[in-house]
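*Asks:* Residues per chain are reported as follows:
Protein chains: 2
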Amino acid sequence: MSIVVVGSVVLDSIRSPHGSSNDALGGSAIYFAGAAAAYTSVKLVGVVGHDFPEEGNRFLAERGIDTEGLTTLPGRTFRYEAEYGKNLNDRKTISTCLNVFEQFHPELPESYRQAEVVFLGNIDPALQLEVLDQVRNPSLVAADTMNYWIEGARPDLEKMLKRIDTLMINDSEVLELTGETNLIAAAHATLDMGPTCVVIKKGEHGALLNREGEIFVTPAYPVEVVKDPTGAGDAFAGGFLGHLARTGTFDRKSYREAMLHGTAVASFVVEEFGPAPLSGLTTADTEKRYSQLVNMSTI
Amino acid sequence: MSIVVVGSVVLDSIRSPHGSSNDALGGSAIYFAGAAAAYTSVKLVGVVGHDFPEEGNRFLAERGIDTEGLTTLPGRTFRYEAEYGKNLNDRKTISTCLNVFEQFHPELPESYRQAEVVFLGNIDPALQLEVLDQVRNPSLVAADTMNYWIEGARPDLEKMLKRIDTLMINDSEVLELTGETNLIAAAHATLDMGPTCVVIKKGEHGALLNREGEIFVTPAYPVEVVKDPTGAGDAFAGGFLGHLARTGTFDRKSYREAMLHGTAVASFVVEEFGPAPLSGLTTADTEKRYSQLVNMSTI
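These protein sequences, in sequence, are chains Y and F. Residue numbers are given in our numbering: position 13 of the first sequence equals residue 13, and the series is strictly consecutive. Residue numbers are given in our numbering: position 8 of the second sequence equals residue 307, and the series is strictly consecutive.
Warning: the hint list may mix true and false statements.
Here are some, though not all, of the chain Y residues that point toward chain F, as calculated from beta-carbon distances under 8 Å [said to hold, decoys possible]: (1) 87; (2) 91; (3) 150; (4) 151; (5) 215; (6) 217; (7) 219.
Stretch by stretch, here's where chain Y covers chain F in the computed footprint (C-beta under 8 Å, at least three residues) [what the hints assert, rightly or not]: (8) 353-366; (9) 515-522; (10) 591-597.
Hint data in this document are derived by calculation from the structure and do not stem from the laboratory. Idealized CB from N, CA, C, for every residue including glycine.
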């Protein structure tokens, strides 16, 4: 099965204790698509400005990503600037310039509308709903969100949650979404809001899946030097849904395998600045770390 | 194999968002011994004052713990008072009154000196070294420590680390011990200091084992309401070493199983105030959560 992803395409300027990047390719759609392309074919929906660099087009072409749904508008591409502190868990946003993204309304090309697997990247839930109105009969819909929408767009967010199968969300965000103080309680409370599955991403502490009330946990892949965590969550989602789309089965075992594939792919991303590690990422690369993760968590 | 444990016996007064306790039985030796007793026979070394309550003696007797090494001195028992914040990860110490513990020098009865498995609870590394001078030829020595000793007793701590097999330590403490900012790097750096294994306890995020350079990770048991995390780390150590002592083999597989047993036992402790959940804890109880943990982390 192929995947349709809608999300942001951004030029990121990131500083971390291990270096920095300037106007580097980024955004949820880029990290997701770059990761998922190691598993299956990917169709991207997004918007860029006239200044979108050739490097970006090359990345998308090399990963074999269908860009019929990537619109170019007059104006500048979305810019994002942030800084990580010493422990790399806390990101401080310095500036967010939406630019052409401000006018973005996802328009799915006809060839995208039969999509069987859909990923709604972390954008306004109103736009996520617009996408859902355009796809015909998807087998699996997953979405990401963040505190900004939890606080500022709750009604649309709640509508969106009722129409998806799997929510992918950070640990701090799921606590805010559900009003719980314990992740297990939050994982259960999320399913009362609509989805049948929730994946809680915990950074260096791995990720937790609640699928129909049953918990599964995967550790993070043991990376000794995390240079830039930007995009790790989207790459996780790409590996996760990439594996599910590749197998075409959405059962207990596939979901558990998908958790380890998400973890494996995300581990490559944090080792360098930007999505460069995804450029040449092959199935052999992901399978190797997948096996190491199985070994790390199996007696 | 039986286990000798040396550690503190304390009367704890704890407040958490879920209630409070006053002069309740506590201390590293109590939690460790109460947990390990579900697996094997335990000999305790410690000190109490004349005010040690009958409830404490009853707990130890019910768990079948050998208290020949538990000395009573004139004066009051060690008192500890602390408060947990809303998320139960941060503990604020309100007061620490060592009382009789200030004069404590562990004296192992003759019957303890052949101990095959030894656990050095979180006390002054100088006292931990005194214990090691009294045991004849243990097969497995594990120790716990904390930031207070890392900052204030580094030379003795370093000597101790060279004489043990397994260090059990919290996540924040292992970063402080090794000067690393990444847990995987810290897990590797710890082995350069002496032990062949390190277990890093991460609270709600589970625990990480580095055994001879190979990483194994276990999630925390999914507890929805954590009432009082006090003693969870010591109970973890009790289940961990209890399982190893019970099997009598210290290979890769036993260590991995031990990580899940430690996790299972600790999960009972956090559900109530004080060591009460350990009172009637049976092998059947621990095996049930052990199996659930295997199920949670195996594809």
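*Asks:* Could you run down the list of hints and mark each one as holding or not?
*Replies:* Hints, verified against the model:
The beta carbon of residue 87/Y comes within 6 Å of a beta carbon in chain F, closer than 8 Å, and the hint placing it at the interface holds. For the restraint placing residue 91/Y at the interface with chain F, the shortest Cβ-Cβ distance is roughly 16 Å, beyond the 8 Å limit, so the hint is violated. Checking residue 150/Y against chain F by beta carbon gives a least distance of about 18 Å; that is not within 8 Å, so the hint is violated. Taking 8 Å as the C-beta cut-off, the interface hint given for residue 151/Y is violated, the closest approach to chain F being about 19 Å.
Taking 8 Å as the C-beta cut-off, the interface hint given for residue 215/Y holds, the closest approach to chain F being about 5 Å. About 4 Å separates the beta-carbon of residue 217/Y from the nearest beta-carbon of chain F, less than 8 Å, and the hint is met. Because the closest C-beta pair between residue 219/Y and chain F is about 4 Å apart, less than 8 Å, the hint holds. Counting residues of the region 353-366 of chain F whose CB lies closer than 8 Å to any CB of chain Y gives 0, which falls below the minimum of 3, so the coverage claim is violated.
A stretch counts as covered by a chain when three or more of its residues have a beta carbon under 8 Å from one of that chain; for the region 515-522 of chain F and chain Y the count is 6, and the coverage holds. Only residues whose C-beta sits within less than 8 Å of a C-beta in chain Y count toward coverage, and the region 591-597 of chain F has 4 of them, enough to reach three; the restraint holds.
The structure is inconsistent with the numbered hints 2, 3, 4, 8, although it conforms to all the rest.
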